[in-house]
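Undergrad: Going line by line, the protein sequences match chains S and E. Sequential numbering from 4 applies to the first sequence in the numbering used here. Sequential numbering from 80 applies to the second sequence in the numbering used here.
It should be emphasised that the hints constitute simulated quantities derived from the structure, not laboratory data. Predicted model, so just to flag it, every value in this text is computed and none were measured. Every residue, glycine too, gets a C-beta built ideally from N, C-alpha and C. One or more hints might be untrue.
Looking from chain E toward chain S, a few residues come up when the C-beta cut is under 10 Å (computed) [stated by the list, open to error]:
#1 Gln147
#2 Ser170
#3 Glu173
#4 Gln216
#5 Gln260
#6 Asp264
#7 Ala273
#8 Asp274
#9 Ala301
#10 Glu363
#11 Thr366
#12 Pro370
#13 Ala414
#14 Asn415
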Amino acid sequence: MKIPRAIKRIAAVCCFALSVAFSAGCSTKEDHTLGVGLIEDLGDIKAVQTLILSPPDTTADFQLTSSEGSSGQSTTLLLGIDSGILSRPLVRFDVSPLPDSGQSAIVDTSFVRFFFDESSGDPQSLVATIHRVGSSWNEFIAAADSLPVILAPLDTIPFSFLVTGDSIDVPVTELTRFWIDHPDSVFGFALIPDSLSTSMHELFSSESAKPPQLITTWNAGTNDTTVTLIPVEDLYFLRTTSAFVPVTELPGRMAVARAIPARSLIRFALPDFGPRATVNRAELTLFVDPANSRLHDFTIAAQRVTGDWSGETTPVDAFLDGAENGEFPLVSATSDSVVLNVTTTASNWVQLGNFGLRVRATNEIVDAEFVRFHAHDSEDATRQPRLKIWYTPGDPEGTR
Amino acid sequence: MMRRLCGAVILLSAVLSSTARGQSLYSLRGFGEDTAAQSSLSRALGATGAALASPGIYANPAQLMFAQRTMFSGTLGIDWTKTDENATGKSRQEYGFTVSNLSLMFPLTPSLVLGTGLLFDRRIDGQIETEGVIESQPYVQVFREEGNLIRFPALLGARAGGMEFGGGIDVLLFTTKRSWQNRFDLGSGFNSSADLNRETLWSVAGKLGVRRAFGQRFAVGAWGAWPRELRGNRFLESDDAQDDPDDVKIHVEEDLAPSATLGVESFVLPRLRVVFDAGYEAWEEQTPRTPGDEYQDVYRFAVGVERIPVDRSSFLGSFPLRAGFRIQPLHVLDANSEQVTEMIWSAGAGLGFADGGGQFDWVIEYGLRGDDGNEFQEQFWRFSATLTGLERWTRRRPPEAD
Chain S
4 MKIPRAIKRI AAVCCFALSV AFSAGCSTKE DHTLGVGLIE DLGDIKAVQT
54 LILSPPDTTA DFQLTSSEGS SGQSTTLLLG IDSGILSRPL VRFDVSPLPD
104 SGQSAIVDTS FVRFFFDESS GDPQSLVATI HRVGSSWNEF IAAADSLPVI
154 LAPLDTIPFS FLVTGDSIDV PVTELTRFWI DHPDSVFGFA LIPDSLSTSM
204 HELFSSESAK PPQLITTWNA GTNDTTVTLI PVEDLYFLRT TSAFVPVTEL
254 PGRMAVARAI PARSLIRFAL PDFGPRATVN RAELTLFVDP ANSRLHDFTI
304 AAQRVTGDWS GETTPVDAFL DGAENGEFPL VSATSDSVVL NVTTTASNWV
354 QLGNFGLRVR ATNEIVDAEF VRFHAHDSED ATRQPRLKIW YTPGDPEGTR
Chain E
80 MMRRLCGAVI LLSAVLSSTA RGQSLYSLRG FGEDTAAQSS LSRALGATGA
130 ALASPGIYAN PAQLMFAQRT MFSGTLGIDW TKTDENATGK SRQEYGFTVS
180 NLSLMFPLTP SLVLGTGLLF DRRIDGQIET EGVIESQPYV QVFREEGNLI
230 RFPALLGARA GGMEFGGGID VLLFTTKRSW QNRFDLGSGF NSSADLNRET
280 LWSVAGKLGV RRAFGQRFAV GAWGAWPREL RGNRFLESDD AQDDPDDVKI
330 HVEEDLAPSA TLGVESFVLP RLRVVFDAGY EAWEEQTPRT PGDEYQDVYR
380 FAVGVERIPV DRSSFLGSFP LRAGFRIQPL HVLDANSEQV TEMIWSAGAG
430 LGFADGGGQF DWVIEYGLRG DDGNEFQEQF WRFSATLTGL ERWTRRRPPE
480 AD
């Protein structure tokens, strides 16, 4: 008997429909928590493990002899002398909104208002002289030792700040009249601390939320006009004096400093994690020696060292590691310890070679503070640097 | 119309087969789950094939001699597996979809037949997740492995002295991907890890088989396969962003077991065929794939019964009806170091079409793996359909004939 054609078609269609229906059901009702015995049978070879290393193989620190780069983008202007570091700020305003050249006589008063952030050293011992600058400068490219022409002092100003937010008005009426009459000579002014000063003041710069203000009042015949200008450029020049003593010369400690930067080097001896090991997390804990530090607070970061150590020329990766959720750890006067998330750096140690890391301030041009940490040869073994690594093991022979 | 529809089914199935997901959790051990590369006809008879008078490339190569005309066949399979974990009481269900085999058989002369094709022999597919805590930081460890063992036979069958002979080679291709991941929550401050092992190994297996009929009602057959060790490379990869881009590459050799099968076919009644196979696979001599595996030899017993169609006087009478049973232990012990026994009951039928130019066979299987002393108890259902085209069906007919 011949099978009816319709039956054949029905059989084929049923097959097609069944295929589609079962395919649509794929990947449903899955529960992947069954069968963990297999992972145990495989030795749980990829379970995350931890490792704590302390003390490090070695530590070192060094301090530069001058500041690095321009301070033009700093949010502060440093003024003063402290611990053998001299800082002289320069400020320049664009005075074109003021009366035209030849009309300087109508200016009644002009002064620059500075806002105080904080200071180091003796906060009440700062006196500075104000000087007209006689040549051009550029806040972006000014090198630390390329001070422009500084002319004779115009006035002596006591800077007696105490509280953040305090302000002081520096009278510059004659200087402003000069700039109005000599628009080709508007190179700003410099503040030079008295050589007997023992304080470093941090004034808010034009890059901050409370920039210096040039407040000028004049009367063209009927009404008083007052104009407030903020600087178009400002920066400070740093150099060391004969009283300078590097902060790195304390045994058993390693320093991180700003202004004249000091940086620390640390290297831990790592075991062989096996090929293809993954560092899930790594934390570097540094213990602060508050008695031998001078700071309010600042953030620090780590950089992977990429070659042999050689002091300030030690090669490092440009990437700043150490942040937790984008925030670098803050070390303050009251910190007992600080923890850096150095997962990226430790991953690179495993993959690319371990030359250690360098610890530095994330921003080295804001103030002249420094912190000292216990080093690998600290007399207190419980406060030596400590590295903790969470890792997924690699593949040693026999487990591949 | 019929041909187009069947072609569409095959094509769609081949595309969808890539979506197949994890099946037996036992498949994660050794070389995985035996996915039954046989045709639906054979599987309906307990997956026998040593003495079965039916053409095929999946078992005894002497079976080639039953290809009277050029034949093409392909088998599609869908399956459902339910796994119960004895220790935890947890349960899961999954579906899968495969193209089990494709075969071509060419009679070169009346006494010499060439056979080739593709046999989807074994499958590894599964994922295991376990929660871990490392110093109060939780994470999820995810193990996943997928892969398969495919055979590409190149066989010749011959008839001489009243016996059928067959032999040739199977080219074996074994590919797996095994991944380990440790997943931490985003924002936890921990990096997740992901390691991947890829393996691509190949080998050849020699095959020989013979079948001898004694009269019209009884035949015996035997065949064996002797694979060389699989050889190839294992690549250790990682998706760690800081990882060295060069993968670790390792030369790998893995052992497959040789096998031998004896079988009989008997027409106990003119319209009732009974087949029986006894097979052996020597796994205990082989080195396990991973340290966690423990091999054991496999003894397989299968039996099948087929009612040959009586006549064409009625619709139902024109169908062959088949039933079978197969029992074997898996080649790897479970996590408790216990043997896992697999039992499969099958039933199927067939349908000829296109005036004898084609055949459509199907089978439904129900199986059990393990008992309450094992790591898991699994039950599964499989449905497979084999479409076979014979020479006349595959040859284009003149348009006026349509």
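Undergrad: Indicate, hint by hint, whether the structure satisfies it.
TA: These are the hints, each one checked on the structure:
Look at E:Gln147: its Cβ only gets to about 21 Å from chain S, farther than 10 Å, so that hint breaks. This hint holds: E:Ser170 has a C-beta 7 Å from the nearest C-beta of chain S, less than the 10 Å allowed. At its closest, the beta carbon of E:Glu173 sits 6 Å from a beta carbon of chain S; the interface hint therefore holds under the 10 Å criterion. Hint status for E:Gln216: holds, given a least beta-carbon distance of 7 Å to chain S, under 10 Å.
A hinted interface residue such as E:Gln260 counts as satisfied when its beta carbon comes closer than 10 Å to some beta carbon of chain S; here the least separation is about 8 Å, so the hint holds. Using the Cβ-Cβ criterion of 10 Å, the hint placing E:Asp264 at the interface with chain S is not satisfied: the shortest such distance is roughly 12 Å. For E:Ala273, the suggested interface contact is upheld, since its CB lies about 8 Å from the closest CB of chain S, less than 10 Å. Taken as an interface hint, E:Asp274 checks out: its beta carbon lies about 6 Å from the nearest beta carbon of chain S, inside 10 Å.
Interface hint at E:Ala301: violated, since its Cβ lies 35 Å from the closest Cβ of chain S, which is beyond the 10 Å cut-off. A cut of 10 Å between beta carbons decides the hint on E:Glu363: the least distance to chain S is about 18 Å, and the hint is violated. The restraint placing E:Thr366 at the interface with chain S is violated, with a minimum CB-CB distance near 13 Å, outside the 10 Å limit. Interface restraint check for E:Pro370: the shortest CB-CB distance to chain S comes to about 7 Å, inside 10 Å, so the restraint holds.
With a cut of 10 Å, the hint placing E:Ala414 at the interface with chain S holds, because the nearest CB-to-CB distance is about 3 Å. The restraint placing E:Asn415 at the interface with chain S holds, with a minimum CB-CB distance near 8 Å, inside the 10 Å limit.
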